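Protein chains in written order, with the UniProt record's numbering: chain A, 1 to 312; chain B, 1 to 177; chain C, 1 to 417.
Incorrect hints may have been included.
To be verified - Not everything, but these chain C residues come out facing chain A in the computed CB check (under 7 Å):
1. P151
2. G157
3. I209
Said to hold, decoys possible - Straight-line alpha carbon distances no greater than 25 Å define the calculated PhoX-like cross-link-like pairs of lysine-lysine that follow:
4. A:K168 to C:K384
5. A:K209 to B:K106
6. A:K297 to C:K288
7. C:K199 to A:K297
8. C:K114 to A:K297
9. C:K114 to C:K344
10. C:K288 to A:K301
11. A:K227 to B:K106
12. B:K106 to A:K189
13. A:K302 to B:K106
14. C:K114 to A:K302
15. A:K85 to C:K384
16. C:K288 to A:K302
17. A:K222 to A:K85
18. A:K301 to C:K117
19. A:K168 to A:K148
20. A:K297 to C:K117
21. C:K199 to A:K302
22. B:K106 to A:K262
23. C:K114 to A:K301
24. C:K384 to A:K176
25. A:K302 to C:K344
No lab work stands behind these hints, which were simulated from the structure alone. Here the structure is a predicted model, which means the values were calculated and not measured. A virtual CB, placed ideally from N, CA and C, is assigned to each residue, including glycine.
These are the residues of each chain, in order.
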Amino acid sequence: MKKTVSRRAFLKGGLAGTVAATTLLNSKSSEAAGSFEGYPEGMGVLVDLTRCVGCRSCEAACNLEQGLPEPAKPFDDYSVFDEIKHGEKRRTDETRYTVVNSYDVPGMEHPLFRKVQCNHCQEPACLTSCFVNAYTKTPEGAVIYNSKVCVGCRTCMVACPFYIPTFKYSSAFDPKIMKCIFCYDTRLKDGLPPACVEACPQEALTFGKRSDMIEAGRQRIKMNPDKYVDHIYGEHEVGGTAWMYLSSAPFDKVGFDTHVPKEPILNSVKDFLSIVPMVLTIWPGLFVGFHLLATRKDAAKKIEEEKKEVKS
Amino acid sequence: MRTRNKLLHCALALAIGTALSGPFTANAMDASDAPDLITIDSLTNLYGPVEFDHAMHADLADCALCHHHTTGIPAQDPNCLRCHATSGEADTVACADCHTADRFNKDYLESLDDPMLYHVDKPGLKGAYHINCIGCHVEVGAPSGCQDCHVMNDSGQQMFKTGDYAPDPQDHNNGGH
Amino acid sequence: MKIFSKQRPEIPIADHVRPDGTAWSLKEKLFLGLTPGEYMQQFFRNPVNWLMIAVFAVGVPLLLQRYIYGLGAVTHGSNDYPWGLFLGFGLFGMVPLSASGFMLGTTVELFGRKDFKPIERLALLNGLLGYFFAVLFLEVDLGMPWRLPYPMFVSLGPAAVLFLVAWHVATYLSVQVAEVLPAFFEWIGWLKGKRAIRKYVLALTVAGIILSTLHQGALGALFTYAPSKLHPLWLSVNFQWIHFFCSSIFAGLSMVIVASTLINRFASWRCDDNFKNNLDYITIGLGKGCSYALITYLVIKIVAVAHDQEWAYLLTGWGSYFILEMVLAVIIPMFLFAIGCRNKQVGMIRFAALLAVLGIVWNRLNTALFCFNWQIYQEVPHWKEVWITFTIFALYFLTYRFIVYRLPIVYTWKGEK
Ligand code: SF4
Ligand code: SF4
């Protein structure tokens with residue numbers, strides 16, 4: 001409620017109120033500006049595209065675990081890999097938190113498969129862009145969402161560089177954001193691996209501490225330099241993600257956006273956030289000064305008139 | 001499409017089991033010491049058991065191809081040789097003896113923190129089977145569809161929403177916008 | 001109204017009492033001094049009102065559909081395109097067009113340019129209504145409109161840009177209500193209230209500048225959350241907020257020029273001589289401001305392209321589209337304003353203002369919709385979405401007209417002040 005006070009003061013006192021507001025906002029934007037390294041003990045998943053065989057077991061397991069609606073086609077129907085909408089392969093939506101897509105890579109005998117789900121960023125754009133604090137990054141590494149406070153502005157969907165949060169457009173009374181939650185409620189918080197990881201026959205999804213996953217990824221690359229591209233996607237992308245990928249084909253050939261910034265999305269917003277306190281402190285003085293300068297002739301006239309009045 | 005489908009099917013290929021736990025205790029054993037037929041039945045919540053013809057596979061490949069440095073000819077890979085040049089035959093050679101069935105269990109994950117541990121990225125039992133079997137099957141053109149090795153049972157069909165549980169296409173033909 | 005105002009000396013109402021000394025009742029004031037019958041008669045004589053009725057006839061059922069079956073039923077909003085026309089036009093377009101309030105507030109109250117006084121109230125009203133309807137558009141677009149106050153009182157996410165927008169738009173809306181209230185108090189004849197507000201004019205104006213700078217900028221900064229989605233020519237991570245702020249200056253001024261032109265032309269019975277006689281002079285003054293703001297805007301746009309080394313993009317199809325926008329929406333109005341001011345050709349300035357208004361809406365739509373997701377596919381809004389947008393805009397028009405017809409906005413109240 002501090003905020004309301006500062007607002008009232010603002011309207012009344014101009015300068016004084018502004019200072020109050022500045023200190024308030026200042027502390028907030030500096031909180032935003034201080035970078036957050038993520039939880040070191042957080043868990044992660046290493047997705048190895050060279051191991052994935054596109055069986056869609058993870059999709060089936062997720063559907064069951066999260067109680068999602070019945071799919072349009074059975075999970076062992078592989079014609080879904082040919083589905084194209086708006087020129088794009090399948091994507092996550094309100095009925096599926098994860099999808100596997102197939103990519104034919106020139107020069108490779110077999111297609112590569114890529115599983116898509118929330119990457120559970122270390123400094124999530126969805127979280128930092130949310131003005132009602134609906135998102136939480138848990139110490140276990142999951143990025144979860146609270147539909148009870150969400151107003152449905154969908155900024156998180158704009159902000160997520162991976163197009164992950166989806167919205168239940170079909171509902172007028174109970175719309176909400178739907179996305180992978182790392183099976184937080186049912187598994188992760190008890191130290192269990194997510195359903196999709198457990199279902200994967202190929203161990204294409206390896207679950208463990210994020211730091212261990214990076215280590216494992218490096219080891220795999222080092223042991224098989226001819227097999228892997230020398231990069232762990234997600235180690236640094238958008239400031240690091242809990243879910244990371246290894247691939248045998250260049251990442252942009254298998255559906256990854258290789259142009260996402262290396263820094264957290266929040267960093268590109270900092271330029272603006274940092275001017276906020278400046279405007280709040282400098283503007284009032286500046287414009288009141290302008291006012292006095294601009295109207296000094298009037299003021300002088302007034303004084304003259306008053307003097308005259310006194311004399312007469 | 002056919003070959004791709006096969007490849008896809010192969011994913012859930014082998015049923016997982018702790019079944020490879022035969023009496024592999026003697027040193028300097030050879031393939032004849034192993035049972036000819038092994039039933040792998042740990043994925044029976046979704047699939048029928050796999051009848052693995054060990055004798056047939058032992059005729060086709062060197063033991064070390066699957067058993068690494070634990071039995072058969074010594075390891076070849078220079079990296080493995082760094083430790084296993086002289087490690088000799090292992091006491092036990094069953095897959096499950098090294099590849100844990102509960103790969104992502106908390107305690108197991110904790111144990112990986114041991115700074116002296118080299119094998120921090122060892123696949124669990126299910127992963128070990130599938131990676132090894134399917135990898136080879138695809139390479140030599142052997143069957144590699146999931147149900148080529150194990151047939152899905154009722155609860156599998158339920159989870160995969162297939163067979164008796166397949167969605168009615170009628171419900172889904174309006175496809176949204 | 002034109003006819004009535006010619007026939008009857010007491011119309012339009014500009015005082016608490018008739019020429020014969022009897023007081024107007026509130027109801028009579030509301031009916032503009034006409035009987036309800038006469039009022040309806042003139043209402044239906046106006047073809048614009050028939051157009052409005054047509055827009056609402058379709059628009060209201062569509063709105064109902066939206067509130068019963070969800071956004072998916074009336075928009076092309078999708079998981080790739082979370083924002084459509086309601087925000088692209090309603091929020092990102094309406095807010096810069098409403099920058100007029102703080103611009104003229106500053107000019108008149110802070111810089112003491114009393115010569116702009118005749119248009120100050122129109123500018124303030126234009127600002128107030130623009131913001132109010134931007135919020136209304138937001139209400140149509142929000143998934144859970146009943147939770148509008150949540151970011152203020154229930155669950156705060158203070159590090160988010162949108163938090164700033166929400167707070168500043170809400171605060172500024174109250175500032176603007178306070179700024180327009182004196183006109184209302186004059187009209188209902190409650191002078192105490194007017195005097196009470198008068199004391200705070202300076203504080204209100206300064207608050208207005210701060211809040212406007214920040215939230216106009218913040219709307220731009222919102223897009224810096226999507227550095228990999230919005231086409232680089234429309235996004236400058238470092239300068240986006242300045243682009244938005246600077247363009248809101250000429251957008252707001254141009255909108256006042258357009259509004260005052262329309263009012264002067266179609267509701268001249270309501271304007272008093274002070275307004276009519278000063279309008280050309282004021283329009284030239286505003287036009288001058290616009291041309292300065294436009295050249296600044298053009299320069300910082302080019303600076304942004306140079307700073308991010310985006311010259312190569314200019315040679316692509318997107319680049320041509322960008323250049324087209326720059327020419328039609330910035331360079332041409334800029335020259336028209338400059339020439340118009342130099343040669344005192346008010347008509348040219350008015351045309352330039354119209355171009356600038358359309359241009360800024362176009363720019364905001366490009367940013368929010370057309371150049372968003374440039375690497376995947378482009379989305380075309382649903383016709384129902386377009387229609388609902390028109391419906392809300394029609395409501396804006398009607399409210400605007402309703403107030404201008406009644407309150408002392410473009411005329412001076414003759415009764416006690
Ligand atoms: S991938 Fe998207 S939804 Fe998931 S944590 Fe990152 S920003 Fe949020
Ligand atoms: S972690 Fe859980 S919610 Fe996320 S994709 Fe896997 S099964 Fe689905």
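Verification of the supplied hints:
no.: 1; hint: P151; result: holds (5 Å)
no.: 2; hint: G157; result: holds (4 Å)
no.: 3; hint: I209; result: holds (6 Å)
no.: 4; hint: A:K168 to C:K384; result: holds (19 Å)
no.: 5; hint: A:K209 to B:K106; result: holds (10 Å)
no.: 6; hint: A:K297 to C:K288; result: holds (24 Å)
no.: 7; hint: C:K199 to A:K297; result: holds (21 Å)
no.: 8; hint: C:K114 to A:K297; result: holds (13 Å)
no.: 9; hint: C:K114 to C:K344; result: holds (21 Å)
no.: 10; hint: C:K288 to A:K301; result: violated (29 Å)
no.: 11; hint: A:K227 to B:K106; result: violated (30 Å)
no.: 12; hint: B:K106 to A:K189; result: holds (11 Å)
no.: 13; hint: A:K302 to B:K106; result: violated (82 Å)
no.: 14; hint: C:K114 to A:K302; result: holds (16 Å)
no.: 15; hint: A:K85 to C:K384; result: holds (22 Å)
no.: 16; hint: C:K288 to A:K302; result: violated (31 Å)
no.: 17; hint: A:K222 to A:K85; result: violated (38 Å)
no.: 18; hint: A:K301 to C:K117; result: holds (20 Å)
no.: 19; hint: A:K168 to A:K148; result: holds (14 Å)
no.: 20; hint: A:K297 to C:K117; result: holds (18 Å)
no.: 21; hint: C:K199 to A:K302; result: holds (18 Å)
no.: 22; hint: B:K106 to A:K262; result: violated (31 Å)
no.: 23; hint: C:K114 to A:K301; result: holds (15 Å)
no.: 24; hint: C:K384 to A:K176; result: holds (22 Å)
no.: 25; hint: A:K302 to C:K344; result: violated (34 Å)
Checked against the numbered hints listed earlier, the structure breaks hints 10, 11, 13, 16, 17, 22 and 25; every other hint is satisfied.
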